[in-house]
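Participant: Could you build all of it, start to finish, from the sequences and the hints given here?
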Amino acid sequence: MSSLVIRDLSKSFGNVEVLRNINLEARTGEFIALVGPSGCGKSTLLAMLAGLESVGQGEIEIGGRVVNRVPPKDRDIAMVFQSYALYPTMTVRENITFGMESRGVPKAAQADALARVAALLQIGDLLERKPFQLSGGQRQRVAMGRALVRDPALFLFDEPLSNLDAKLRVEMRTEIKKLHQRVAKTTIYVTHDQVEAMTLAARVAVLHKGVLQQFAPPRAVYDRPANMFVAGFMGSPSMNFLPAEIVDDAGRLMIALAGDSAVARLPLTRAAGGAGKRIVLGIRPENLVRARGAAGAGTGQLDAVTEVVEPTGAETMVVLRVAGREVIARFEPDDSPGVGEVVRLAVDMNKACLFDPDTQALVA
Amino acid sequence: MAEAVVGFDPLSTASTSQRRRALYLIYGLLTLFALCYLLPLAVIVLNSFRDMSEISRAGLIGLPHSFSLDHWGQAWSRHCINGACKGIAPFFRNSLKMAIPATLISTALGAINGYVLAQWRFRGSETIFAFITLGVFLPGQIALLPWAFVLGTLGLTNTIAGLVLVHCIQGLSFTTLFCRNYYVSIPDTLIKAARIDGAGFWRIFRRIVLPLSPPILIVTVIWQFTGIWNEFLFGVVFSSGSGQPVTAALIALTAGAVSVRQYNVESAAVLIGALPPLLIYLFGGRFFMRGLTQGAIK
Chain Z
27 MSSLVIRDLS
37 KSFGNVEVLR
47 NINLEARTGE
57 FIALVGPSGC
67 GKSTLLAMLA
77 GLESVGQGEI
87 EIGGRVVNRV
97 PPKDRDIAMV
107 FQSYALYPTM
117 TVRENITFGM
127 ESRGVPKAAQ
137 ADALARVAAL
147 LQIGDLLERK
157 PFQLSGGQRQ
167 RVAMGRALVR
177 DPALFLFDEP
187 LSNLDAKLRV
197 EMRTEIKKLH
207 QRVAKTTIYV
217 THDQVEAMTL
227 AARVAVLHKG
237 VLQQFAPPRA
247 VYDRPANMFV
257 AGFMGSPSMN
267 FLPAEIVDDA
277 GRLMIALAGD
287 SAVARLPLTR
297 AAGGAGKRIV
307 LGIRPENLVR
317 ARGAAGAGTG
327 QLDAVTEVVE
337 PTGAETMVVL
347 RVAGREVIAR
357 FEPDDSPGVG
367 EVVRLAVDMN
377 KACLFDPDTQ
387 ALVA
Chain F
3 MAEAVVGFDP
13 LSTASTSQRR
23 RALYLIYGLL
33 TLFALCYLLP
43 LAVIVLNSFR
53 DMSEISRAGL
63 IGLPHSFSLD
73 HWGQAWSRHC
83 INGACKGIAP
93 FFRNSLKMAI
103 PATLISTALG
113 AINGYVLAQW
123 RFRGSETIFA
133 FITLGVFLPG
143 QIALLPWAFV
153 LGTLGLTNTI
163 AGLVLVHCIQ
173 GLSFTTLFCR
183 NYYVSIPDTL
193 IKAARIDGAG
203 FWRIFRRIVL
213 PLSPPILIVT
223 VIWQFTGIWN
233 EFLFGVVFSS
243 GSGQPVTAAL
253 IALTAGAVSV
263 RQYNVESAAV
273 LIGALPPLLI
283 YLFGGRFFMR
293 GLTQGAIK
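Which chain is which? The protein sequence lines are Z and F, in order.
Letter 180 of the first sequence, counting from 1, is numbered 206 in our numbering, and no numbers are missing.
Letter 95 of the second sequence, counting from 1, is numbered 97 in our numbering, and no numbers are missing.
None of these hints come from the bench; they were simulated from the model.
Misleading hints may appear alongside valid ones.
Stated by the list, open to error - Estimated spans, in silico, between C-beta atoms of each pair: (1) F/Leu140 x Z/Ala192: 53 to 61 Å; (2) Z/Arg95 x F/Arg205: 16 to 24 Å; (3) Z/Ser161 x F/Ile144: 52 to 60 Å; (4) Z/Thr54 x F/Asp190: 28 to 36 Å; (5) F/Phe285 x Z/Val196: 46 to 54 Å; (6) F/Asp190 x Z/Gly90: 28 to 36 Å; (7) Z/Arg91 x F/Ile144: 30 to 38 Å; (8) Z/Gln159 x F/Thr135: 31 to 39 Å; (9) F/Arg95 x Z/Pro132: 25 to 33 Å; (10) F/Arg125 x Z/Asn94: 19 to 27 Å; (11) F/Asp190 x Z/Asn94: 17 to 25 Å; (12) F/Asn160 x Z/Pro132: 51 to 59 Å; (13) Z/Gly258 x F/Arg205: 45 to 53 Å.
Predicted model only: the values in this text are computed from it and were never measured.
Where a beta carbon is used, it is the ideal one built from N, C-alpha and C, also for glycine.
Facilitator: What follows is the structure, given as structure tokens:
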């Protein structure tokens, strides 16, 4: 059973096409993250789900009902805004009960719902305060309380954590995850932060330039990105891209990095085409490690010169030069090379991605 | 919230004697200008307490040798204006009956206009806003003939209701401009959140926009009330006799004097006529300045 279905959704503002042929569906209780860089159309998509933006072409179905022309209040949704959008002149209590008041819910039922939400979010002692008397994290909780009290079919979150400082953001992220595990409501969560998307969502929808690039569980998006955009966007530091060519090496197909014939060749572990085909090799920083002994099956080795060393504490990012290009590798702090040192890197080719240099799509 | 103004002292590097001289100069000049500005008021106030015999002997400008509140009483309730000897009290009441409803109605309409134009934009709303604010720049004299026609057609000539109508419409441009420019600073996510919460046009206005409005409503009320109270042209053209507002009656008071001008009574009458806007400004002035410089939410 799906509580949200989006079919062939498109939207233009004047001549600018902001969304093109979006198809998505969320199962009941599922947590979906819409992620992409700013201007990718994710917030417009959310506004269309909420009914704040009209639908161009296509269909939006919430709880089995097409809602293209249904006003926001009748869509059975609740939304948490980036700026929280708490009503500034109302107390926390009034902020949370305003929706029920507007819908004519009896006072007793309002009080029950308020008590339930206040207990869930631990905001019972804030009820008589005004929003300006709350900290950022508390405002965030109240904004979620205002959404939760409705018990809607669909929750919409519009970058709810981006106004918080880094530490609080991580805490609230965990809280949102806990909360979702407890209330198990279908949730659409818009963010530009790929870490938030990865950590929270059951499935991640990556948007770029109004087009849905990939819609899959986080691990699949991370390990097998549909194209170079997704590969580069998800993960920090980004995936390393190296132009390469498939070559025939004494009857075996190998990958030769472009621009340097002296570099050792890497084994081809997936069918990606015949000799002479140009490809882009994508390797995550954690799949480049210091080589120990000879290369095993499915592993290649590369010599690289250390250029920059960036310790982050738990791990050390090292910028190295391979075949005339910069790559980033992730080292244990104890094991990190010094600047200028030549390191032999082992490449786990089973985890590498091969992209078509023209279409940028994943080949293998 | 308003930022604390950090004092800038251009003489901070000057010597102590230079600074002292500069201060004397500045305050000396300011006092001079203030005196020039306040002198006519002082003359009127003093004359309102002086006897007629003293004024005719010593001239209009002079300190009172006698002191009497009698002329205030005469101006208020006994002086003969437009043939009736009831003072300016009836005309004062006319002005109240005109200014209070006209202020409230034009402010309310301006608030609703501003709310629509700022938060419920529609195709052409910017054009409509431009047309409404055009009224700010049109001199009232342009509207005299059209109003004469309209009031005549509606049968409202020489009525307080007619003047209320005129001032409501004439004031709409200002109140709409003020309110709209204030309301655009209300984040539209508030309105969106309220729409998702199930609130409609009026509930959002009443529960979210109005509670944020006191600063701008105080500004429009002060602006409208002083403007309408002090207005003379429409008052003198569209009313006559006992139906005149106080500004028009003050002219009748001076023009209708048969023999000797009673400067003390006229002075008292002018001061009484000027009192309401003065009081409003004294009590509301702080809010007026604050409202003009402050956005809706920060």
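Participant: Each of the hints needs a verdict: does it hold here or not?
Facilitator: Hint-by-hint comparison with the structure:
Look at leucine 140 of chain F against alanine 192 of chain Z: about 56 Å separates their beta carbons, and that is inside 53 to 61 Å. Distance hint for arginine 95 of chain Z and arginine 205 of chain F: a CB-CB separation of about 22 Å, consistent with the stated range 16 to 24 Å. Evaluation of the 52 to 60 Å hint for serine 161 of chain Z and isoleucine 144 of chain F yields a pass: the beta carbon distance comes to about 55 Å. Taking 28 to 36 Å as the suggested C-beta distance range, the pair threonine 54 of chain Z and aspartate 190 of chain F conforms, at roughly 31 Å.
Evaluation of the 46 to 54 Å hint for phenylalanine 285 of chain F and valine 196 of chain Z yields a pass: the beta carbon distance comes to about 52 Å. Checking the proposed 28 to 36 Å range against aspartate 190 of chain F and glycine 90 of chain Z shows it holds: the Cβ atoms sit about 31 Å from each other. In this structure the hint that arginine 91 of chain Z and isoleucine 144 of chain F lie 30 to 38 Å apart at CB is violated, the actual value being about 56 Å. The hinted window of 31 to 39 Å between glutamine 159 of chain Z and threonine 135 of chain F holds, with their beta carbons roughly 37 Å apart.
Evaluation of the 25 to 33 Å hint for arginine 95 of chain F and proline 132 of chain Z yields a failure: the beta carbon distance comes to about 49 Å. Between arginine 125 of chain F and asparagine 94 of chain Z the Cβ separation comes to about 20 Å, which falls inside the hinted range of 19 to 27 Å. One distance hint, 17 to 25 Å for the beta-carbon pair aspartate 190 of chain F and asparagine 94 of chain Z, holds here, with the actual separation near 22 Å. Evaluation of the 51 to 59 Å hint for asparagine 160 of chain F and proline 132 of chain Z yields a pass: the beta carbon distance comes to about 55 Å.
Evaluation of the 45 to 53 Å hint for glycine 258 of chain Z and arginine 205 of chain F yields a pass: the beta carbon distance comes to about 47 Å.
Of the numbered hints stated above, those contradicted by the structure are hints 7 and 9, listed in ascending order.
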